[in-house]
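Going line by line, the protein sequences match chains E and Z.
According to our numbering, the first sequence holds residues 1 to 514 in order.
According to our numbering, the second sequence holds residues 1 to 363 in order.
Everything labelled a hint here was simulated from the structure, so no lab data went into it.
One should not assume that every hint holds.
[What the hints assert, rightly or not] Straight-line Cα separation of at most 30 Å, DSSO-like style, residue types lysine-lysine; simulated pairs:
no. : chain 1 : residue 1 : chain 2 : residue 2
1   : E       : K385      : E       : K403
2   : E       : K212      : E       : K403
3   : E       : K412      : E       : K385
4   : Z       : K37       : E       : K412
5   : E       : K212      : E       : K412
6   : E       : K212      : E       : K170
7   : E       : K385      : Z       : K220
8   : Z       : K137      : Z       : K220
9   : E       : K403      : Z       : K220
[What the hints assert, rightly or not] Between beta-carbon pairs, the in silico distance windows are:
no. : chain 1 : residue 1 : chain 2 : residue 2 : range
10  : E       : G157      : Z       : I145      : 38 to 46 Å
11  : E       : Q230      : Z       : R141      : 51 to 59 Å
12  : Z       : A153      : E       : S363      : 40 to 48 Å
13  : E       : S304      : Z       : A153      : 46 to 54 Å
Beta carbons are placed, not taken as given, at the ideal position from N, Cα and C, and that holds for glycine.
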Amino acid sequence: METKAAASKAAPAKPGRVEMRDIVKCFPGVRANSQVCFDVSPGEVHALLGENGAGKSTLMRQLYGMYQPDEGEILIDGLPRSFRSPADAIRAGIGMIHQHFMLVPTLTVAQNIALGERSGRWPLADTKRVVARVRDLAEEYGLAVDLDAYVWQLSVGEQQRVEIVKALYKGAGLIILDEPTAVLTPQEVDDLFVTFRRMVAEGHSLIFISHKLGEVMAIADRVTVLRDGQAVGSRMISETNRDELVHMMVGREIKQLEPRALEAGASRLRIQGLRALGDRGTEALCGIDLEVRSGEIVGIAGVSGNGQRELAECLAGMRAASAGTVCLNGRDIGAASLNERVDAGMAYVPEERMRDGAIGEFSVKENVFLHDHAARRFRRGIFMKARAMNEHAAELVREFSVKTPSLDTPLKTLSGGNIQKLILARELSRSPALIVAAQPTRGVDVGSTWYIHQCLLQQREAGTGVLLISEDLDEIRALSDRIAVIYEGVIVGIVERDSASVQEIGLMMSGVGA
Amino acid sequence: MKRPELDWGKIALNVLLPVAGVIAALCVGAVMLLALKVNPITAYSALFNGAMGSTFGLTQTLVKATPLLLVGSGICIAFRANVINIGGEGQIIVGALMGAWVPLTFHYWPGWALIPATCVMGFLAGAAWGFIPGILKARLRVNEILSTIMMNAIALQLMNLLLQGPLMDPEGIARGTFLAQSAQLPKQAWLARLLPPTLLHSGAIIAVVLALLAYILLWKTTIGYSIRAVGLNPSASRYSGIRVPFYEALSLTLAGGFSGLAGAIEVIGVQHRLMDGLTSGYGFTGIVAALLGGLHPLGLIPASVVFGGLLVGADKMQRAVQVPSSLVTAILGIIVLFVSGAALWSRRWSAKRLARQRLGGGA
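Okay, chain Z solo, but in the shape it has when bound (with noise of 0.2 Å):
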């Protein structure tokens, strides 16, 4: 039994198939340009200038992936369970909510401790808000795209509500402004910037580091062995006296957890304080990430970048050439379409190799 050796050829599809999608749906995109008058290589090197051009850009858009990293790690783990989480923006949110509480009310710990148990609140609470869903999946059969959704609505109302009572800021109160948002965080609170006066913090690394703990609770572990049992086949599992209903509700809780600590790290990381429209659509965008990704935590680092640079780059795109940041959102699901839809192509064209290679042998 040697070690098959490396499939080069496969490596290089699987990294050039990603790399041809987001080609192409650029060229899509320049096309929706022309539509709209605009010339597409001012519009593109504005956006690759916004997103790479500049220490300030790239740093910009490593705070973008941060997010992203974490929130597509926990999307990787319910995916390989088969299990679907649309419920990133909510389990953000409870996280956020954590990342403000738990600074304002422990605002005489020490940085040291006051971080770490923020982090983990922040795990905890968006953990809480994947359990419930999965728990309903796992004991009901409820489906976990309808209830994660509606967990989605529930948190951003829950978010609302404290913001304009408890956890309104006591300054604006005294103004009379009236800002939903809460007081700023201790100083100690905050995660340290790496790179000042650029935005990227420590957070970045927590990510990485979190991206690369999910790889190995899947390939290393038997939690990740049994979690993508049971996503391939449910019926095997069983009958392997696997718990199948429990991995769900695992893989669930686990996505949400990540999705908690990216909305707290988001909170003392760049905002300093909860405020309204935090989340900016990380729990969505992240599903894109991990699908660019492949669904593995690895191939989601360079993936969560790639969508951090057009999320920073489009802001640019849009103050230089005035088109509509709508557009980026509109280039980024063509991207999906066409990696996703590539990447059905090769698994076809693979089984097919693979058919032919069998038919060799006759059977």
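Chain E extracted, bound-state conformation (with noise of 0.2 Å):
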């Protein structure tokens, strides 16, 4: 940590590595940036914080060449320089690593690196050569890869790192990620924040683009915030807090979640003894037993992969039990279709919700009715109401503030927080008993998720019973009245609210503590 408040008290001092002044970029109907500054110190790791939609890639696209700005200039080590492609940007040293990785899934590893390099044996690929530098750097950086593997063998976070050594490769004193945790389990995120820090003591200037505060405070020395395409400030991370960063992120405060003390009243869902194989034919739940009640919010909390998914599917009739019994409101339902749960009462968040929540080349309004379609007040015989459809939708859209152009825009051009609420607000509209809710908050804003947690915080004081499947453990120690931990298909733990500890917490969730 030395690095880290070194490089933080020096920073200003120091010529900027990069400043991007009064940046200008207009698109068709938006201005994505408008007068942003921004500036990058040697040695530091700068988070660009915002929203989605807040124009953090825009600028950095600007930075790596791939957009050209308005107005504005961009200064590097002193001097201007206007990039016409990233080939110009990487000349200067700056790499970029996207979301998306751009790396061809049939080559190796050493291939992907030289791809696009000067060979000595042209036209032949030198890889030898690169072999033997890569070599050095994976091992400067704490980077361990196998530079024989293929492509398409490695895991997302392998890849990642493969980005990374190559963008070192390439000379890249300074280096852009683009949200690089969205795809990382937290123990790749610790070992890519160790190899930040490596990085940086190396003199390597970082810009970390993200939306999760957590991980700016965990990593970053500085951070600017971007909201509406302005630059709203930039702070050192020694000098700000958690509060400050939400306020200026979305522009407004974000109350804390408080949810009020309730008498949890009668049984929603009842679980006893709950088997069912998971997708491989081994059993992925060994004997679930919970009980949901009325006017409660119960966390199901675990690494990710320890039958979760099988639990939520098992839940909305979409996966068969082996073994056990499911009660909605008293009633038996493990035999029950999904039409007829959600008939008695059930509400279903999933976890994939581009791939089983939604239709994404169906417009807003064609979402809202995936399952009403059929409810007699939007059909007459087999003709579809759309007056009635119409109204409903739009009423749905303007209740839970889903931002969209119109109701006939296709679905998959919102963005990620806008598509969750209006899952949520249909859901919500058949005013159900029980709602499972799995991983309602990946993947969205904080004003959408702050948003999603008060729906279900009200849900929960309107007397429905909540279940609540999530990997993120914060969300579950912040809306739910009891924890249950799961490990290996069994709950090993039930924890109250107040007593539980994150360590009591993470010890069940790793199968220790039970």
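Since each chain sits alone in its own frame, please combine them into the complex, following the hints.
See the structure below:
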């Protein structure tokens, strides 16, 4: 941590590695960046924080030569430069790691790194030279990569390391990372941050694009917040806190969620001895016992892949249970179809929202009626009642403040947060007795996350039972009345909100604590 | 929530792209004609004159467009459920069998009963021919492309069998010609001619009405909604309680019904008897027309006229400049390549435009 402290003290004094002055970039209909100033000092991690759509990626794509600014200038090491393409930026020592990696799956790691290199043995690729140099780099920065492996064999985390090595190999002194943690497991994020620290210690500068506050606080030296295309301000991490950053990001106070104390009521969901097979045919649920009562949020905490997905699918009726009972409002629904469960009062927010929860090519309006198009009030015989549908969809969009240009806009053009709000609106509009929400805020921006949490709390107050399945422990702890920890298909422990410490839950999640 | 303004740019693109595709394909065809040492201008003017230059040509174009429109509408429905129906030929044949069998058997019925009954039976026969691969896909996940092709072979041999046997024209037997064709249908079963002496018959109107019905089914009813949902995202459909296998089977059954109706109408509207070679490849050309029409029953109406015209013009061109009419088949294929290629390109292009706008948002 000495490097971090040293860098933050030294940063403002040194001349900037990069300075972007008064950048303006417009696209048809949007001012993506307006008068943005941004600078990076040598040896610092500068986070660029903002919600989806705030203009972070646009700003960085201009630095990387993918776009040219309409106004303003970019200075590299004090000299004004204009990049016509990423190749120019790479030559100036700038590298960018995109959210979607730019690797060729059928080539080896070494071949991928050698791509686009001038080869000494033209027209043959000179991977030998690459290999030697990359070995040194990988060792120097603690980036374990198997150079002979094919990219398709690598995990996402490993592919990211290859991208980083590639950028370093090309001589990048400044690396832009666009939401690098979005695809990683918590352990991989820790490893990535270790790498960051080594790179910074070697004098590299990093720009870390993110909308996750926790990560920004953990790794950055300095943070600049963008909102609606404008730079709201920059802070040293040591001189700011979460609340201030949230406020800068969202533009208004986001109140801490404070669930009111409620007496839990009648049983909504009772699961006893539930067993089910996973996709590989091995047992994924090995006897789950759980109850969710009215006016209660029960959180399922656990490391990904311990049976959460199978549990959610069993409850939705999409996966057959091999043993055990599931009762909704006291009625056994174990053998019921999805439609019967919905009629019995279940609402379901699936984990994979674009695969299972919505149809991207369908319009906003059509997505509202994925289940209810067959409901009596929206049809006459086989004909859909266009007006009733329009009114209902418009009402939901308004009520849940889904931001969409129109009801006929294809859903896939909306942001993740707005898509999720629409799915939630659809599910809640049926006034369910029980909500099963799987990863309801994964990949969703801060404002929408807050909104979705509010909705769940309101449902709780209205007497709905909520089963919240999430890999985000902060979310579970903020919302749940009781936290059930799942490990290898079994609930290993249930703790009350107030009596739970993170350490305790963490131990149970790793199968030790129970 | 105001309604979005009509995006004229997009509409123009949707119209211009197919037109440009047709023109580009004709240019490639011109090169092929030159290779055959034929003046492409002479050839093409023969083609256009044949298809549109006279009342007779124009009505022939519409006569050919009729089965294409019917088959294509069914293809659109199946395609929307992401089910690919290659079985148009077989479905036309079984529909045509009904088109001959019903009037020949119930020859004492009046026309007002016989014609609707024939159409309904044609539809049902085709629907049954679509239902078999449909249910096989729904229940056993049998690939519908293979099963519909095999159903074509079965239908063809079934027709051959019947034409050699029970359906063979008694007159042919009496005269000893033994032609593989049925007796002529009773006159009251013939569809009305719209513009005598041309062959244009009221089946063209039925086809347009059916295309409109297909459009209404797909976009105004819960059935069509479910079919489209299943085609776009079966997983989300399942999670919404939509019975995915049911709609897959249904769409293929409906597609079969449309083709079967095309077969029955071809018999009672044009041939007035069942004979070999009656399908003229409509089952396949209908797929192509559906693609050109953007898999939309309303887009299909002009598209099937274009293809009808090309089929008619091809004959004329063959006679005028002595090129094989298979050259026109090749040109039809090239048109599809160009148009579907252009559609792909335009989708990419608009996706890119969209992405750029969203990046404008900064995501």
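A quick look at each hint next to the structure:
Between K385 of chain E and K403 of chain E, the direct Cα distance comes to roughly 24 Å. Compliance with the 30 Å bound is thereby established for this hinted pair. In summary, the hint linking K212 of chain E to K403 of chain E is supported, as the alpha carbons are separated by about 21 Å, within the 30 Å threshold. Our distance criterion of 30 Å between C-alpha atoms is met by K412 of chain E and K385 of chain E, whose separation comes to about 24 Å. For the proposed pair K37 of chain Z and K412 of chain E, the alpha carbon gap of about 52 Å is over 30 Å, so the pair is violated.
A distance of roughly 23 Å separates the Cα atoms of K212 of chain E and K412 of chain E; the hinted pair therefore holds under the 30 Å criterion. Among the hinted pairs, K212 of chain E with K170 of chain E is consistent with the structure: their alpha-carbon atoms are about 29 Å apart, no more than 30 Å. A hinted pair counts as satisfied when its Cα atoms are at most 30 Å apart, and K385 of chain E with K220 of chain Z qualifies at roughly 8 Å. Restraint check: the Cα-Cα separation between K137 of chain Z and K220 of chain Z comes to about 26 Å, which is no more than 30 Å; the hinted pair holds.
Distance check on the hinted pair: K403 of chain E and K220 of chain Z sit about 26 Å apart at the alpha-carbon level, within 30 Å; holds. Checked against the given bound of 38 to 46 Å, the beta carbons of G157 of chain E and I145 of chain Z, roughly 40 Å apart, stay inside it. The hinted range of 51 to 59 Å is satisfied by Q230 of chain E and R141 of chain Z, whose Cβ atoms lie roughly 54 Å apart. Checked against the hint of 40 to 48 Å, the pair A153 of chain Z and S363 of chain E passes, with Cβ atoms roughly 42 Å apart.
As the Cβ distance of S304 of chain E to A153 of chain Z is approximately 50 Å, the hint placing it in 46 to 54 Å holds.
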